[in-house]
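Below, each chain spelled out in residue letters.
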Amino acid sequence: KAGVTQTPRYLIKTRGQQVTLSCSPISGHRSVSWYQQTPGQGLQFLFEYFSETQRNKGNFPGRFSGRQFSNSRSEMNVSTLELGDSALYLCASNDPPNTEAFFGQGTRLTVV
Amino acid sequence: SQQGEEDPQALSIQEGENATMNCSYKTSINNLQWYRQNSGRGLVHLILIRSNEREKHSGRLRVTLDTSKKSSSLLITASRAADTASYFCATDRITGTASKLTFGTGTRLQVTL
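Heads up: the protein sequence lines correspond to chains A and B, in order. Count the first sequence with this note's numbering and you get residues 156 to 267, in order. Count the second sequence with this note's numbering and you get residues 53 to 165, in order.
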């Protein structure tokens, strides 16, 4: 069974631009969650999607948004990028009610 | 915000020795999971322990959970250079039908030959 796939692996964007990251969950997993990892703040929860609905949201500004498609694939969007958005963005999938979560390799976003 | 702390923050041992990492958390949990991360790459799932379990084994890994102390430990026996990585604990609380993971600060393990 293929693991969680995130694309792209690396991105360089300029302040003020927007970016879209993609995540394909493990086949059969209906929940997708997104996390941001930075040296200063560590791993922080962004949001969770299940059956195309956002079920849970972390403490991030509205510039961070996401969506989930009917095939459970998810995208995350960050608008009006700031330097502080530079981070490793990780996607995880699980099959509720099982909370065992499996992560992708992440997308390294650099904002210049 | 981080659920809690992991200690030590960094650990350096020689190959063949055992490595023990501890994790503390603040709130009641449903499950606790341990992950490994190599050099800023993705997280690799190691083991999940449920709140009604006290100990779990997987290969060279042994995890304990003490819900009265809100703490867990990860023991890696007979460590190898390939075990060099950062290790994170993550807890989840199911609220309604949603769940999310809250991570500890991580322990950086260095295993030298």
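Hints in this document: simulated from the structure, not taken from any laboratory. Bear in mind that the values here come from a model prediction, so they are computed numbers and not experimental data. Think of the CB as a built atom: it goes at the ideal place given N, C-alpha and C, for glycine as much as any other residue. Accuracy of the hints is not assured; some may be wrong.
[To be verified] Straight-line C-alpha distance at most 30 Å; calculated BS3-like pairs for lysine-lysine:
id: 1; chain 1: A; residue 1: 168; chain 2: B; residue 2: 78
id: 2; chain 1: B; residue 1: 78; chain 2: B; residue 2: 121
id: 3; chain 1: B; residue 1: 108; chain 2: B; residue 2: 78
id: 4; chain 1: B; residue 1: 121; chain 2: A; residue 2: 168
id: 5; chain 1: B; residue 1: 121; chain 2: A; residue 2: 212
id: 6; chain 1: A; residue 1: 168; chain 2: A; residue 2: 212
id: 7; chain 1: B; residue 1: 122; chain 2: B; residue 2: 108
id: 8; chain 1: B; residue 1: 78; chain 2: B; residue 2: 122
id: 9; chain 1: B; residue 1: 121; chain 2: B; residue 2: 108
[What the hints assert, rightly or not] Covered stretches of chain B, going by a simulated chain A footprint (3 or more residues, C-beta under 8 Å):
id: 10; region: 59-73
id: 11; region: 125-133
Check: Does residue 108 of chain B lie within 30 Å of residue 122 of chain B when you go C-alpha to C-alpha?
Finding: holds, 16 Å
Notebook entry, point to check: Taking only the CA atoms, is the gap from residue 121 of chain B to residue 212 of chain A under or equal to 30 Å?
Noted result: holds, 28 Å
Item checked: Hint consistency between residue 168 of chain A and residue 78 of chain B [alpha-carbon to alpha-carbon, up to 30 Å] -> Given pair residue 168 of chain A, residue 78 of chain B is violated - Cα atoms ~37 Å apart, limit 30 Å.
Item checked: Holds or violated: residue 121 of chain B to residue 108 of chain B, with C-alpha atoms at most 30 Å apart -> holds, 17 Å
Check: Within 30 Å, alpha carbon to alpha carbon, are residue 78 of chain B and residue 122 of chain B?
Finding: Holds, because 7 Å separates the two Cα atoms, which is no more than 30 Å.
Notebook entry, point to check: Do three or more residues from the region 59-73 of chain B put their C-beta atoms closer than 8 Å to C-beta atoms of chain A?
Noted result: Since 0 is below three, the answer is violated.
Notebook entry, point to check: Is residue 121 of chain B within 30 Å of residue 168 of chain A, Cα to Cα?
Noted result: violated, 45 Å
Checklist line | Restraint status (C-alpha distance of residue 78 of chain B to residue 121 of chain B at most 30 Å) | finding: Within the cut-off at roughly 9 Å; holds.
Item checked: Within 8 Å of chain A (C-beta), three or more residues of the region 125-133 of chain B -> That given contact is violated, which follows from only 0 residues of the region 125-133 of chain B lying within Cβ reach (below 8 Å) of chain A.
Next item on the list: Take the C-alpha atoms of residue 168 of chain A and residue 212 of chain A, compute the straight-line distance between them, and say whether it is at most 30 Å.
Entry: Since the Cα atoms of residue 168 of chain A and residue 212 of chain A sit roughly 25 Å apart, the hinted pair holds (cutoff 30 Å).
Next item on the list: Below or equal to 30 Å on CA atoms is what counts here, so check residue 108 of chain B against residue 78 of chain B.
Entry: This hinted pair holds, its Cα atoms lying about 21 Å apart.
Of the numbered hints stated above, those contradicted by the structure are hints 1, 4, 10 and 11, listed in ascending order.
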